[in-house]
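Protein chains in written order, with the numbering used here: chain L, 4 to 619; chain P, 2 to 182; chain Z, 17 to 205; chain S, 553 to 855.
To be clear, the hints were calculated from the coordinates, so they are not data collected in a lab. All of these numbers come straight from a predicted model, not from anything done at the bench. Fair warning: there could be bad hints in the mix.
Covered, in the sense of this in silico footprint (three residues per stretch, anywhere, with C-beta under 8 Å from a C-beta of chain S), are these stretches of chain P [what the hints assert, rightly or not]:
(1) 40-50
(2) 87-98
(3) 141-149
Note that beta-carbon positions come from the ideal geometry of N, C-alpha and C, so glycine has one too.
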Amino acid sequence: METIFLIFILFLGGAIVTWMAGKLGNIVQDILFLATILVPSYLFYTNVATGYAIDFNVGGIELSWGINAFGWLFSLIVLGLGAFAAFYAVSFMKGKERRGAFYLNFILSIMAMLGILMSQDLISFFIFWEIMTWSSYIMVVYNGNDVQRIGIKYFVFSAIGAYAMLMAIVLIKSMTGSFMIESLISSYTSFSYDMQILIPVLLLTGFGVKAAIMPLHVWAPGAYSNAPMAYTSIFSGSLSKMGIYGMVIVFTTMLSYVPEGVWFRGVVAWLGGFTAVFGTLWAIKQDDAKKLLAYSSVAQLGYIIVGVAIGTPLAMMAGLFLAVMHAIFKGTLFMVVGAIERQTGTSNFTEVTGLIRKMPWTFVAALMSIIALAGIPPLGGFVGKWMLYESLITSDHYLLVIVIFFSSTAAFLYCYKFLFGFFLGQEEEEWAHVKEAPALMVVPMVILAGLTFLLGTYPGIILKPIANGMQTLGYGMTQGQLWDTSIILNEWGNQVVLQPILYAILGIFVFFVIFVTIKGYKNTRYVTTKDISSSGEVPLAHENLTFSQGFFQPFLRAVEPAMRRQIDKYYTAIANGLESLFDFTRRIYTGNGQTYAIFVIVFVVILLIFKNSIFG
Amino acid sequence: MINDKNSQKIVDFIQNWARKHSIWVLAYGTGCGAIEIPPTMTSRYDAERLGVRGAATPRQADVLLITGYLTTKTLKRVIRVYEQMQDPKYVIGFGSCTINGGMYYDSYNTIKVLDKYLPVDVYINGCMPRPEAVLSGFAKLQELIAQGKANGAQKYKDNLDWYRENQKKIIPNWVMPEYNW
Amino acid sequence: MDELKTKIIERIKANFQDATENNSFNYNRLDFNVNKTTVPSILFYLKDEMGFKHLSHITCVDWLEEGELELIFIVWSPVDKIKVFVRTRLDRENPVMDNIDMIWRQAHTYEREFREMFGIQFTGLEAPQDFLLEDWDGPPPMRRDFHTEEYASETFFERPGREDAGDVREEIIKRSGEEIPDFAKKYSR
Amino acid sequence: MDSIWFKLLGVVVSFIVAFTVGMTYMGLSRKITARVQNRKGPPFYQNFIDAMKLGSKTSAIHHGVMQHFGPAFLMVSSVMSLMIIPVLNNGMWFSNLNFHGDLIFLLYIMVFGPLGMALGAGQTGNPNSAIGVTRGLSQMVGFEIPWVMALVALMIQYHTTSIVDLMNIQVESGTWLIFSSPFAFIAAVLAMLGMFRYSPFDIVGAPTELASGPMSENGGKYLFTMMSSASVFAFAKLTLYVDLFLGGASNLIELLIKTFVIYMIPVLYGVVSPRYRTEQSIRYFWGWPTFFGLLAILYAVFF
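Whenever a hint applies, use it, and build me the whole structure from the sequences.
Shown next, in the form of C-alpha cells:
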C-alpha cells in the first residue's frame, strides 16, 4: 500500500480510536492522541518526498494526490506547529470536559490541512476543505458560549466561501471536463473573458474567507477567541494559511496569464493593506487578550496578503516568510493566553496584572513572540517586514508602504498592551497564588519562541524551502541571491548583514545589563511594586494602582473617525433586510384556505388580462 | 591603590563637587511656603544657575524641601517620600513652622519641630523666607555638601529607632514598608 | 419681600408645629428653631415644596455653658432669593442626629466633618471613619472644652525658648533696647 | 586594521564623542531656554555635573529584572543607531557598521529602545510610567508617518535605502538633498519635533502631569544610563539628519556646526510652545507634516 494512504488511514483511524478511548483512561487517550499526530507526521517527512504523486480512481472519478515543494513548505506550518500545539493541548485539556471530541476535531483539522496540500484535483481539495471547515466549526462552538452570534457568523461565512468555491469547481468541470488543477491551469487562457474573471473571483472569495481578508473577516475575531486556545493556535497559525495557500496558487497561475491579473493584484493588495490597518486599530481597542490577538491575526494576515498579492519575487518571498513567522509567533501567543487563562481563569487585561514573577517562562515566550510580531530586529518578524517594504518600494506601491508602515507602527501599541496587561504592572494580591503553567505547556511555547529568534538571525533556514516552493510556482532561480544563511541582499544591492548586527546588539545589551546590575550592587535593593513614588501615599495590599482601564484612550480618540464605521453593522443591515423579506414571504402563506383561493383567483385574473397581450 | 586614602579623598572631592552643583529638589509644598518656590526658580532669582532644579519624583531627588507647616497627616507622606529618596539625600526645613511651629504653635494637628522626625540639614527661617533667603539656604547646603558635613541621611540611619519612636507617637497606625536604605 | 417672608413663615408654622421663628434679621433672611427630629422633614419640605434647592452651609456652635450643641442648616432659594436658617439643639453629652445626605448629597461631607470635629453621630451615615483627622485619639478638637494649646504641647515636641508664645518683637526690644517703629506698633499686642 | 579590537576601539571612541557632544548640546539647550526666559541659566556643562551626580548616587532600588533591562534596551537602540549612521563622509573614521546602514533597519532599531524602556517602566508598577508609555507610543505612531514618508520619498528618488549611498550622491553631485528634495526635508524636520520630545511634544515625561512618566521610578544609575543613552541618541539622530539632508560632514567641526543648526530647530520651537495633549499631538503630525510627506512622495515620483 502507498504510504500516503497509510498516513491518512492512520489519521482517520487514530482520530476515531482517540475519540473512543476516553473510557480507557486519560493517559491512554493522551498518548493515542500524540501518536496519531506524530506518527503520520514522521511517516510523511521520511517517506513522502517532494514531487511525489499518485493517481487513483474512486467511484469513477479520477483523483490525484501529490506534494510539491510549495505544499511541502506549508506542511511545515501544518505539521510542525501541529505537533507543538498537540503537546500543548494534552496539558491544556487536562481535567476538561469532552476531551474526546476535542482530540477528534484537532486530528481531523490537521489531516484535512495536509489533505489540502496533497490534493491535485478539485474534488478532494473541496472535500478536505469542508472537513477542515466543519472540524473548526465544531471547535468554535466547543465551549458552548455565544453559539448564536459567533458560531452562526463563522458558519455563514464558511458557507459563502464553500459555495463560491463549489460554483467555481462546477464551472471548471463544465468547461474543461476535468477536475484536475493542472488541466484548469493549462486551459485557463482558452476560457472566455467572463470566465477568466469569474473563476478567480469565486476562488478568491472562498480562500479570502479563510484568510480573513477585509470584507470577509468579520467571523475571525469571535471565532478565534471562542475556540479553545490550544486549537486557536493552529486555527490562527495554520488554518488561516490554507487561504493564503489557495490565494498564492490563484495569483501565480491563473492571474499571471491574463492582463486583468494586474487589477486583481492591486485590489487584493489594497484590501490586504486596509485589513492590516483596521485590524490593528481594532486590536488596540480590545481589553480581552483573545480578542486582541484575533484582531492582530487579521492584521498580520493583511501583510501576508499584501506580499502575496503584489507577487514580485521579493514580495512573494516576504509574504511566505511572514506566513511562516506568523504561524510560529501567533501560535505561541495564543498558547500564552491559554496558559494564563488556565492559571488565572480570565484573559482580561483589566483583571490580570503583574504575572511576570509568577510565570517567568511564559513571559519569556510572550516577550520573544511579541518582539517578533512587532518586527523588531533581530527577531524573525523583522526580516519579513523588511523584505515586504523593499518589495513594495521597488514595485512602485508607495502609498501602500505608508499604509503598511502605519499599521506596523501602530502594532507596537497593542504589543505593549499585551505584555503590560498580563505581565507588568502592580502585582496583585488576588493573583499571588498563581503558579507557572505545567512544563508540557511551557516547553512548546519556549521552543517556538526560540524558533523566532533562530529564524530572525538565520533566515536562510526557512528562505531556502520558500525559494524551492516558489520555483515550483514558476519563479526563476534569480532570487537565489536574495537569501543565504545569514546575509540578505536587497534589490538595489545594499546589504544588511544580520550576524554582526546581532552580535553587536547582544554585546551592547549584555554589557549594559551587567553595568547596571554590577554598579553599586550591594546598595541596590529589590522593592515590591507597592513601593512606588505615588505622592507619598502607600498603596495598601488590596489597592491596585495599575493603569489598565482605557489604555491608549488618547490614541483611540485621535483615530476615532476611522473607527466609527464597522463592517459588521453593514452585514447586520443586510441580514435584517433579508429577514424582513423572508417575513414578507411568510405573510403570503397565511395557512388560510380562503387566502389561497384569493391568490388563485387573482392569478387567473391577471393571466386573463395579460392573455391577449402576451399570446396575442 | 584605588583604596588608598588619598585617592579616596580625591574621589570624594570630585563627587561632592558634583553633588554640590547639581541639586535636584523635590519641593514638598505643604504650606503657604510653596508660593516662594516659583519666584526662586524663575527669571527673577533663577536658582537653576546654581544647579538647583526641580525633580519630579523622590527617586530622582537629592533634596527634600519642606515648605511650611506639617500636619500630622502630611508628616506621614513626607516621611514616606524621604524614605523613598536615594542616598545621598538632604532635607531643608523652610520657614518658621518647621523650626518651632511658627504661627501654628498651638495647633492640635501640626508638628512643631521637624528635626525630631526627619534629619534636617539646613533650616531657612522667616515667615515667609524671601527667595534671597532660600538661595542663601541652598548656598549653605552646598557649603555643607562640599565639606562633607551634610550627613543627615547617615544620622537617620544610625538613629532610626529614635526617629521611628517619635514618628510612631504621631502616627499610631503605622502601615509603611520597612525602610531599606 | 416681607409678604414673601410672612407667607413662608405661615406655611412652615402650619406644617411644623414645633418651629419657632425669629424674623428680626435683615431683609432676605429667615430663622427657625426646631426639634432635632423635625429637621429632616422640614428640610425635605423646604427643598421639595418651597424651592429651597440649595444647601449653602451647615455649621455647628458649641454652647458649652448650656450643655448643648447647635446645628444650623442654611438653605437658599435661587428663585425667591431668600435664605432660611434651620437651627436645632443637640445634647452635648450624647449628640445624635439624623443623617440628611439623601436630601443633599453635599451634606455628606459636612456630616463627616462634624463627626470628627464635634463628635456628633449621624445615624445611618455610611462613610469611612477617617476624614480630616487620621489616627486621631483625642477628644473632638472643635469643642470649646478642648484645650488646643495644652494638647499641642503635650503631643508635639517644643523648641526651647518658645514656651510663653510671647511677642517676638517685645523680646527683641528687651534684648537690644530698640524702639518699635510706629507703623509696627499696631500689630503688636 | 580589521581586527575586532580596532573595531571595538572605534565603537568606544564614537560613543565617547557622541556622549560628549550630546551632553553639551543638551546643556546648551538649557542655557538657551534660560536666556529666552530672561534668566542666566546653568553653565553649559551642567548636564555633565548632573550625570556625575547621578553616577555617584550610592543607593538604588529596582522592581524586578525588567528594570535592569530597560536602560540596556535603550542603550542598544542608541549605540546601534550610532554605529549604523555614518558620522563622517570619508569612511576612515567612525565607520563602525556603516556599510550595513539601511534606512528601514534604522527605523526599526530606533523604536527598539523606547519599547524596551517601556517594558522596564511597566514593571515598576507606577501608573504614571504606564500612562507615559502609552502617550509616547501613541505619539510615535503620529510622527513616524511623516518621517517614513520623507524617507520613502528619498528612497524613490535615489533608488537606494543605504545612508552611505545617499551621502555619496550628495558628495558627487554637490547638491544637498535639502535643495533637491525640499518637501522631504520639511516633513522630516516636522517629524523631528516629535522625535526630540521638546515642548510642545513633551507629553511623555511631562514632570508636572506624570512625574516624569516612564522615568518616575528610576534614579541614580538607571537614570544615569538613560541620560547617557538620550545624549548619544540625540547625537545619532542629528547626525542622521545631517547625513541625509545637509550632505554629511567631512570633519568633526563641520559636523558640529551642522548638527547644532539642526538641533536649534526643535529647541527654539520648544521654548516658546506650551504642551499639547496626546491626541492634539497625533493630529498635528497627521496634518501638515503628512501633507508635506505626500508632496515629497509626489515630487519624487514625478520629478
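Each hint, compared with the structure:
A stretch counts as covered by a chain when three or more of its residues have a beta carbon under 8 Å from one of that chain; for the region 40-50 of chain P and chain S the count is 5, and the coverage holds. A stretch counts as covered by a chain when three or more of its residues have a beta carbon under 8 Å from one of that chain; for the region 87-98 of chain P and chain S the count is 3, and the coverage holds. Given a C-beta distance limit of less than 8 Å, the hint that chain S covers the region 141-149 of chain P is violated, as 0 residues qualify and 3 are needed.
Consistency with the previously given hints fails for number 3 only.
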